[in-house]
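Visitor: Given next are the chains, with one letter for each unit.
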Amino acid sequence: MEIKKEQNGSALTIHVIGRLDAGSAPDLSKELTTALDGVTDLTFDFAELKYIASAGLRVLLVAQKRMNKQGSMKLIHVSEAVMEVLDMTGFASLMTIE
Amino acid sequence: MHKITVEAVVENLQTVIDFATEHLEEQDCPMKTAMQMELVIEEIFVNIANYAYNPEVGMATFCIEFEERPSAILMTFIDNGKPYNPLEKSDPDTTLDIDERDIGGLGIFLVKKNVDEIDYKYEGGKNILSMKKFF
Numbered sequence: 001m002e003i004k005k006e007q008n009g010s011a012l013t014i015h016v017i018g019r020l021d022a023g024s025a026p027d028l029s030k031e032l033t034t035a036l037d038g039v040t041d042l043t044f045d046f047a048e049l050k051y052i053a054s055a056g057l058r059v060l061l062v063a064q065k066r067m068n069k070q071g072s073m074k075l076i077h078v079s080e081a082v083m084e085v086l087d088m089t090g091f092a093s094l095m096t097i098e
Numbered sequence: 099m100h101k102i103t104v105e106a107v108v109e110n111l112q113t114v115i116d117f118a119t120e121h122l123e124e125q126d127c128p129m130k131t132a133m134q135m136e137l138v139i140e141e142i143f144v145n146i147a148n149y150a151y152n153p154e155v156g157m158a159t160f161c162i163e164f165e166e167r168p169s170a171i172l173m174t175f176i177d178n179g180k181p182y183n184p185l186e187k188s189d190p191d192t193t194l195d196i197d198e199r200d201i202g203g204l205g206i207f208l209v210k211k212n213v214d215e216i217d218y219k220y221e222g223g224k225n226i227l228s229m230k231k232f233f
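If you read the protein sequences in the order shown, they are chains A and B. Per the numbering used here, the very first residue in the first sequence carries number 1; after that it's consecutive. Per the numbering used here, the very first residue in the second sequence carries number 99; after that it's consecutive.
The following block holds chain A by itself, in its conformation from the complex (with noise of 0.2 Å):
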């Protein structure tokens, strides 16, 4: 997994690129810990996410409820793939997705 980040005042997004696993996505939730310091309008932009798995789903569940307290969070260009798993457990009806 690759992480790019692109920060525009209090506005993030984080482009997740490859795959959102138990082996990666400890590192993803280590990287928003202080990324979103200060940020009210998160975006993440899955169009190179080929891959999500619980471990990953866990990290966004964590980033959403920490957005809800300072500001807005949303996933952009889910793959069909992703969005199978997203639908699968409810995330999809949980979080705003573009």
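Source of the hints: derived by calculation from the structure; they are not laboratory data. Relax, there's no trap hidden among the hints.
Listed below are the simulated DSSO-like cross-link pairs for lysine-lysine, each with C-alpha atoms no more than 27 Å apart in a straight line:
1) B:K211 with A:K50
2) A:K50 with B:K130
3) A:K74 with B:K130
4) A:K50 with B:K230
5) B:K231 with A:K50
6) B:K211 with A:K65
Given the structure of chain A, go ahead and fit chain B onto it with the hints provided.
Guide: Below, chain B without anything else, positioned relative to chain A:
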């Protein structure tokens, strides 16, 4: 039947997935099913790696075989860790709103959603989890 035994640590997840993928490709398993099996393998293997022997490290065995007419994948995970039946864990309530959602139980829930049959037994000191998926 094809079988691989590895030390149950998250770092070995890819080895097990590559092993399974090789056999799924040989069987011309549809891409979508292969991805679902990858997710199933990850969730179970990671569970074994994190909990079965904790705080020690032990081994995990993964077996894959195929049936014809109808085409099906049979996968089994075996470990010698603490007896643990993942099927006893209640499913997360996927209708709850964000503040009530818990982060646990998602992995095995995804496994159940992606296979057609799943069976657990504890036999001879081993956890044996078998699954079947038609394709």
